[in-house]
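Chemist: Given the coordinates of chain L, work out where chains P, A, S, R and W should sit on it, guided by the hints.
In case you want the letters, here they are:
6 protein chains.
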Amino acid sequence: MFYHDGKLQYEVKVDKPNPQFAKMLQQAIGGIEGEMKVCLQYLFQAWNCRGPAKYRDMLLDTGTEEMAHIEMLATAVALNLEGASNELKDDIAAGSPFMEQVMGGANPRHILSSGMGAMAVDASGVPFNGSWVIGTGNIAADMYANVTAESAGRTLAARLWKATDDRGMKDMLSFLLARDTMHQNQWLAVLEELGGLEGNHPIPNTFPQADENKNFNYNFISTKIDSESKAKGRWSEGKSVDGKGEFTFDKAKPFGKEPNLGAPDPAGFAQKEQMSGGLKSKVKKIID
Amino acid sequence: MFYHDGKLQYEVKVDKPNPQFAKMLQQAIGGIEGEMKVCLQYLFQAWNCRGPAKYRDMLLDTGTEEMAHIEMLATAVALNLEGASNELKDDIAAGSPFMEQVMGGANPRHILSSGMGAMAVDASGVPFNGSWVIGTGNIAADMYANVTAESAGRTLAARLWKATDDRGMKDMLSFLLARDTMHQNQWLAVLEELGGLEGNHPIPNTFPQADENKNFNYNFISTKIDSESKAKGRWSEGKSVDGKGEFTFDKAKPFGKEPNLGAPDPAGFAQKEQMSGGLKSKVKKIID
Amino acid sequence: MFYHDGKLQYEVKVDKPNPQFAKMLQQAIGGIEGEMKVCLQYLFQAWNCRGPAKYRDMLLDTGTEEMAHIEMLATAVALNLEGASNELKDDIAAGSPFMEQVMGGANPRHILSSGMGAMAVDASGVPFNGSWVIGTGNIAADMYANVTAESAGRTLAARLWKATDDRGMKDMLSFLLARDTMHQNQWLAVLEELGGLEGNHPIPNTFPQADENKNFNYNFISTKIDSESKAKGRWSEGKSVDGKGEFTFDKAKPFGKEPNLGAPDPAGFAQKEQMSGGLKSKVKKIID
Amino acid sequence: MFYHDGKLQYEVKVDKPNPQFAKMLQQAIGGIEGEMKVCLQYLFQAWNCRGPAKYRDMLLDTGTEEMAHIEMLATAVALNLEGASNELKDDIAAGSPFMEQVMGGANPRHILSSGMGAMAVDASGVPFNGSWVIGTGNIAADMYANVTAESAGRTLAARLWKATDDRGMKDMLSFLLARDTMHQNQWLAVLEELGGLEGNHPIPNTFPQADENKNFNYNFISTKIDSESKAKGRWSEGKSVDGKGEFTFDKAKPFGKEPNLGAPDPAGFAQKEQMSGGLKSKVKKIID
Amino acid sequence: MFYHDGKLQYEVKVDKPNPQFAKMLQQAIGGIEGEMKVCLQYLFQAWNCRGPAKYRDMLLDTGTEEMAHIEMLATAVALNLEGASNELKDDIAAGSPFMEQVMGGANPRHILSSGMGAMAVDASGVPFNGSWVIGTGNIAADMYANVTAESAGRTLAARLWKATDDRGMKDMLSFLLARDTMHQNQWLAVLEELGGLEGNHPIPNTFPQADENKNFNYNFISTKIDSESKAKGRWSEGKSVDGKGEFTFDKAKPFGKEPNLGAPDPAGFAQKEQMSGGLKSKVKKIID
Amino acid sequence: MFYHDGKLQYEVKVDKPNPQFAKMLQQAIGGIEGEMKVCLQYLFQAWNCRGPAKYRDMLLDTGTEEMAHIEMLATAVALNLEGASNELKDDIAAGSPFMEQVMGGANPRHILSSGMGAMAVDASGVPFNGSWVIGTGNIAADMYANVTAESAGRTLAARLWKATDDRGMKDMLSFLLARDTMHQNQWLAVLEELGGLEGNHPIPNTFPQADENKNFNYNFISTKIDSESKAKGRWSEGKSVDGKGEFTFDKAKPFGKEPNLGAPDPAGFAQKEQMSGGLKSKVKKIID
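Chains as they are written, first to last, in the UniProt record's numbering: chain L, 1 to 288; chain P, 1 to 288; chain A, 1 to 288; chain S, 1 to 288; chain R, 1 to 288; chain W, 1 to 288.
What the hints contain is simulated information worked out from the structure, not anything from laboratory work. Predicted model, so just to flag it, every value in this text is computed and none were measured. Some hints here could point you the wrong way.
The list cannot tell twin chains apart, which means a pair is met if one copy fits it or any two copies do.
[Unchecked claim] List of simulated lysine-lysine pairs, BS3-like, C-alpha gap at most 25 Å: (1) K272 with K253; (2) K170 with K239; (3) K13 with K224; (4) K230 with K253; (5) K54 with K224; (6) K230 with K170; (7) K272 with K224; (8) K232 with K251; (9) K230 with K54; (10) K239 with K13; (11) K13 with K272; (12) K244 with K13; (13) K257 with K224; (14) K251 with K224; (15) K251 with K16; (16) K244 with K16; (17) K244 with K257; (18) K272 with K251; (19) K239 with K224; (20) K272 with K170; (21) K7 with K239; (22) K170 with K224; (23) K224 with K16; (24) K224 with K253; (25) K257 with K13; (26) K13 with K232; (27) K232 with K170; (28) K272 with K230.
Next comes chain L alone, as it looks inside the complex (with noise of 0.2 Å):
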């Protein structure tokens, strides 16, 4: 169960409004990198949580405070918005400062859908997508999803803090870069702690890999043809990561055949032409 107290968890402040800048914001909202996904991918796995009780409530803490983040930026949305109320627009249309930004480069939704508010869509416009919320039930594949949300939003996070210089937005970016900073590494604890790259690899590290094919499982395979690859580094040579195998180099080669489809099934209602002797005869005595 959740409650809230109103406040926010740090400060907002917009020195200069920049309904652009509003636009730009979104992505940390709604975008597949943003607040909206960590916080309910977080909140899922949290209550799909099977195993030690520890981890359900971390993530129930850590769901819980990104829902205080989503507060932040919407906040931050709004503010940005608000830069051309100063004064009565008796001149709102097109030649006016403001419509001429709603025009330009901001999101006209800003204005025609949420009348000067945050919306669930990312920089572009596009709603956010609940494809993007993974828990997969597997403790660890799921924390390489954190880790990974994380490095995208801190990047993120990053290039907002160096497109603008509005004081108040830089400082409530240092906020949330610190905060991701944080959770990368709350999730690689988690990570050492489930035992490091040797006892989580491969995962799921429940499937047998006595049942996975031996010939294929530690070879780097190349596609290149007519020159050398590049493509040689840790990966291609010595110990596997997970300390199971020993990479090799391998050039791409098929061990199947060229695969051959049976005929169309009349029920299908392929192109006559489609047909073999045999089906075609049966489809004319269906079709007559």
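Modeler: Chains P, A, S, R and W only, in chain L's frame:
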């Protein structure tokens, strides 16, 4: 540039066609854990690759291999859908075993839309979505996205392997499981080569930590009230995983105030009752 | 800012696990009538709220409560999916009762993607979509969106209640039905407080009716030809519901002409045959 | 069955073509507040209509009228995009006024994809989505969905009206604003005819309130901690709006316990570390 | 402008209601091969039509007819869903024949969301998507899009016809099949009228072929390695179909080099290891 | 199986980097007219190909070539985004030329999400959607889908060619335009080989025309009222294009009646007022 030889990377046989398993296999083609995603993800990362050339080559090598995996799975779907075509269905209409399957757990679009072929959709019939193709321009963030994809992918393959007792399908999946093992190791090997946990984190390592808020970058924040959080572990005390800080365990508290947005902009056409005193009269002037 | 206590708002028990009912419950989580939508809708409305502070508080109160409803339903999904786990499935492959359910009416992604947990999708497996989160910046429009959500939501809950005879599930749903009753009343109470039908309508009440075309603002227009429309009722005569006009019943007729677009712009590369005489020669000059 | 006469319901003139305004108008065509949505929503409600025949007729009447509104807006988009075609653009390449607009705030797909015509997308270029078409089978729930659509729709139209000073466009919008006024009244009139607040609520009125949990159906639940919620109003005391209960104001508290899911099912391939003692050995047996 | 008469274009009878067939029929309503797509596609093409007026009229004629086809199919869905309503379901809960169907192969949202009515979704429950509505502004390209739609549409109708033995449904489908035959012919007739293969191609015929690279415009390029491609046919030698070139058969080979992107821009926050020597020091300056 | 050589099929040079043109090029990558669509469409058609083997080979040949086109365009996007990186941007924040572009007409996600690389999205930033990948299992229907794709594709390429005066970009586009010319011809050549208009139509040619309603299969139906339709042409009289009928011109009229759905099923929880007399009492019994 790309080439093909028309053969399968590994043999694809179906002993006992099963339209319901065909539906499940679609998750490995067009699902968020599927081969379309990893194929396009590695190729886009290659095409956008800036930095040492060997990473571009490696990404092209593996992205191109994944194309062959889509090919194998698409063939497997087509063969599983041929189950009902061994005999001419004079009575294909409702009531026949084939249509019962299509109408039951199978995907009706496998007959209605594709005429018994694979589609670019997942196991629920939801289309592949380009938003899943992650390429951030930051190679460490991308490698985590790739480990994540291969972890969820191998988990999916294991579940599919468990869900069938068809020998041909189990053999194909044991090959794909092996490739997922390799690819988890491969992307982890890049991360090791790039400096491991301390060298890479916090990602992006080009953003100066001096510019993030140092009061909040290694603190686990618990939002739990009423009772003690069980969320204690590697992440709540001791040296941080990236070696650059000390973990602490803090109770959540607000550092910001209740946000206070300005009055609605008249151009946004809020209700009169939302307007504050001052603006109300201005609005009145407009609407009169 | 937000907090949690890890407990459920109301008890969630499943007497007889049922993966097919788990699939149906997803509609109440990630569907357009579901709890993710209302939770995010109320919170975004709160964060964007301009006007009297009590409405922000109320929206935060209820948005936060809805988060607890997602938690309850996610728990219910997970418990319904545990149905097959009472005994170890040595024979989980095709043919076992469990897999038959998964392959029949259940959602295969509940095993393939989430490992028996809830997902951010609806009963068809279609992901939650951020476009459903309505916050217009106009509080009356928003209240109607909220009444709508709770009306469709309570209808959904009633249908789910009817579809199960599991006592635990019926009990949980009777709680959610009660909350939907309250929330319908709550948003209607705001509308009453804001002035009721005459005070609020036409929404937005800040747009001057003098500027709308007064020949068409209280006319029911019937597009029916050949026979008399049966569409007579409260809306076709008498005082309008907002008290500002008189309803009339009119037959549809065009007040505009056939539209006449200009010739295609050469930069649009229409076919030659679409070009009118004058432009054709100009195009010719370009393409020669 | 449907017919057309090729004329516009109301005149559409554009005095000063403006590709950026064309982009904004798309919100009224393919956006969630737009005419495609209401057109299809009313028609699907009509086609699924069970109950008194007059409602089917009314929905068909208005759904068909909305088709004419899409037609008007599509014409307006096409005319706004013709702005640059008054003279032959020898220099249409980068640097020309037209391409500057396309590359600036206009929708590039208005030239690239549609060749200067309207599309089934919103102002951000996001495609119309069928999930927005609401028809619940419950006429009262549907009427609220319709009032909501017309409220958001009229708010959108007002914002568009404010955003342009083109006389033709303002005239067209003043017509559409008038129709939205009528349609708000129309759906409210149906609700009045069906019994008003007391007769309709709680929706659905066929679900017996005896079966909802009577301890929670008229309680405002505040999730606010630390300070007093300001959320007091018509909804927190007094008779409920539906006349069937008394509002109370309660502080949130959990009535359920911490949820406790079972151990992971081995077929789900969680990590070993998630398994509880008992199951672990069973898993071991499987994977050895 | 549009009108209706409330009658069906052709009779819709269901002898034996079948919720599973209702699910399949949804493909013909909201699927990519369905009637919503063609209806909106023809209407948008009409509204955007520039060039001879008869094409606008024709597109309006047929787009309006397609609206009547959605109406027929929506009616068919509703009637197929009434199957279980002949008797009052005292025992509608799990276990009853009706709910078994809903929970098996039927679409659960047909009861949960629409209360036994049609929805704007396809046979998998995926919502209609506005991106499918093709109108390019080039009439020949549009006619091919229309032939495509009617070809996939008639194939779908044939498969539905085969999948049912309900006499009423077969009769309705034989009408829709006939209309698809006409519409295939109709769009082909326009292409003939516009100049046939030689007159229309390459589309757009207003782009001067002098400006396309003449070394590559009639060459079949085979990317097959290792063995001879079997892809020989009408397209690999002889006069081209558009009469403007000679087909050749070429082996693929690259005419470009390996691409070489510049170093990462510091503002993009790649990892340090991606930076080349020169930039690294600059970055260092920034981050120190 | 697939291979690569790391080189570009044709040279990609950008003389004057332009982030806004990069945004437009995305339409040719991830748009519905773009190369991802045709690449995947041809490959899925190949993998599902039943019938003469040469068509499978041809589809693989061309599908694999299209992959090289995505590669070229992705490279072009990356190079166009490097425009601002020639000098170190000390002042990248708001006000700098680069950020102005990003915040103006460019796609902000090209910096925020991809760090100056291509993405799997269209020119509006809308993600690629797997529903666009058409493979019906009927080869003639598929060939029309392919001609359509290449017609819209070449039109798009022409518009992009016109929109830039960068010599490198124009050269690359002149190559792609040439390939589109070939591919239009190629798919038309297959249709000719398969029997041309009379041999292929109506598609599918395996559905017996005896089973379609012969009263409606060659009739142009005009839905226009009030005035004469101008829609007279090749399609309204004379022999049909498929040679199997005679065109007629008919005025639309209904052959069906007003539909009459049954009363609402009580399990659907419609409102009481929708129930007919008989059922009302039954409902009453349930709800009392």
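Chemist: For each hint, tell me whether it holds in the structure or not.
Modeler: Each hint tested on the structure:
no.	hint	verdict
1	K272 with K253	neither (36 Å within a copy, 35 Å between copies)
2	K170 with K239	neither (45 Å within a copy, 28 Å between copies)
3	K13 with K224	between (53 Å within a copy, 24 Å between copies)
4	K230 with K253	both (18 Å within a copy, 20 Å between copies)
5	K54 with K224	between (47 Å within a copy, 12 Å between copies)
6	K230 with K170	neither (41 Å within a copy, 32 Å between copies)
7	K272 with K224	neither (40 Å within a copy, 28 Å between copies)
8	K232 with K251	within (12 Å within a copy, 30 Å between copies)
9	K230 with K54	between (45 Å within a copy, 5 Å between copies)
10	K239 with K13	neither (52 Å within a copy, 33 Å between copies)
11	K13 with K272	neither (69 Å within a copy, 27 Å between copies)
12	K244 with K13	neither (52 Å within a copy, 29 Å between copies)
13	K257 with K224	both (20 Å within a copy, 15 Å between copies)
14	K251 with K224	both (8 Å within a copy, 17 Å between copies)
15	K251 with K16	neither (57 Å within a copy, 33 Å between copies)
16	K244 with K16	neither (56 Å within a copy, 34 Å between copies)
17	K244 with K257	neither (31 Å within a copy, 39 Å between copies)
18	K272 with K251	neither (41 Å within a copy, 31 Å between copies)
19	K239 with K224	within (24 Å within a copy, 36 Å between copies)
20	K272 with K170	between (67 Å within a copy, 22 Å between copies)
21	K7 with K239	neither (52 Å within a copy, 31 Å between copies)
22	K170 with K224	neither (45 Å within a copy, 29 Å between copies)
23	K224 with K16	neither (52 Å within a copy, 32 Å between copies)
24	K224 with K253	both (11 Å within a copy, 14 Å between copies)
25	K257 with K13	between (64 Å within a copy, 11 Å between copies)
26	K13 with K232	neither (49 Å within a copy, 29 Å between copies)
27	K232 with K170	neither (41 Å within a copy, 32 Å between copies)
28	K272 with K230	between (49 Å within a copy, 21 Å between copies)
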